[in-house]
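Protein chains in written order, with my numbering: chain Y, 1 to 125; chain E, 1 to 180.
Heads up, none of these hints are tricks.
Restraint ranges, calculated between C-beta atoms of paired labels, are given here: (1) K12/Y x S177/E: 20 to 30 Å; (2) S145/E x F7/Y: 13 to 23 Å; (3) I10/Y x P29/E: 10 to 20 Å; (4) D6/Y x R86/E: 30 to 40 Å; (5) I61/Y x Y62/E: 45 to 55 Å; (6) M31/Y x S60/E: 16 to 26 Å; (7) E86/Y x D46/E: 50 to 60 Å; (8) F7/Y x D46/E: 24 to 34 Å; (9) K35/Y x P29/E: 20 to 30 Å.
Below are the PhoX-like pairs computed for lysine-lysine, each with C-alpha atoms no more than 20 Å apart in a straight line: (10) K170/E x K12/Y; (11) K13/Y x K170/E; (12) K173/E x K120/E; (13) K12/Y x K120/E; (14) K161/E x K173/E; (15) K123/E x K13/Y; (16) K170/E x K120/E; (17) K123/E x K168/E; (18) K35/Y x K27/E; (19) K147/E x K161/E; (20) K168/E x K12/Y; (21) K168/E x K120/E; (22) K123/E x K170/E; (23) K69/E x K27/E; (24) K168/E x K13/Y; (25) K27/E x K12/Y; (26) K168/E x K147/E; (27) K13/Y x K27/E; (28) K173/E x K123/E; (29) K69/E x K147/E; (30) K123/E x K12/Y; (31) K12/Y x K173/E; (32) K13/Y x K120/E.
Hints listed in this document are in silico derivations from the structure and should not be mistaken for laboratory results. Backbone N, C-alpha and C define an ideal beta-carbon position, used for all residues, glycine too.
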Amino acid sequence: MEQNYDFNNIGKKMPYTVPDGFFDQLEEQVMNEVKAEPAQKKSAKTIRIAIRTLLAVAACIALFLVVKKTLPQDSDATIDDFTSVELAFNNLSTEDQDYLLEVYQEEEELIIDNDLNEWKNEESI
Amino acid sequence: MTDDNQIIPAIRENAERGFRLLMAEYKEPVYWHIRRLVVSHADAQDATQETFVRIFRSFSQYNGEGTFKAWIFRIATNEALRLLGRNQGKTTLSLDETAPALLTIKADNYMDYSDVEAVKLQKAILALPAKQQLAFNLRYYDDLSYKEIAAITDSTEATVKANYHFAKEKIIKYMNSNEI
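Isolated chain Y, as found in the complex (with noise of 0.2 Å):
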């Protein structure tokens, strides 16, 4: 093979060029970019936990509210609270049923992400 070409005649030198003032620019876009992030993925998040809390919250009072209603005035002595919620449960169509089914598993789920979230970052440190 032949080897008379030599590379030191040449160096690192390249034809490419680009525009003045190019790295200082790239530089302060990628720190925009990389600033923005983590406080819009904050943000998109809380509003997400706020609706399903207002959910859930709204979901307690309806099921306070039908217990209340369902059940006969004397019996609150002698019907413990499980039975009574379970009651009114069943007392509810299974289109509201479903719906708090829904909101309760949405709710515990996000409850273990988090205690995930928080056992994964006290193990990372």
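Please build the complex by placing chain E on the supplied structure of chain Y, with the hints as guidance.
Just chain E, lined up with the frame of chain Y:
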């Protein structure tokens, strides 16, 4: 010049300040590495920007195995190959393929065509399969070790050495030819 041993703790301590140190040290080498692969300035700009965003997002995944420089160049290389693959309607460019970037060498505004020898060298490099381009570029321009290049290309040191050797031979042959 900032050492990686200063950059890494700086990012852990204050992400923004540390990342500025990283950008100051790596924005130019990363851009030029990508530019040599994709040729077009606009593509290189996009891929460089995406590379640094990825570095920022996945910094916590750097586990200290291999050098930080190799980790950064691996992300940059993947981004460049992804871009080249996308231009061909694929997910990424295989290391065994030759990118069609050679065709765009005459179509970019940010190119100094007056330096005939420099243009010819880049054409010689671009005619190589991606794995040989990477071995040559990362060794010749970026002074990376064979071990670091092997980590970047998911390969072995022996394979990288062979690719570098083949690349150099082909480039010498091309540079000695009458092709322009």
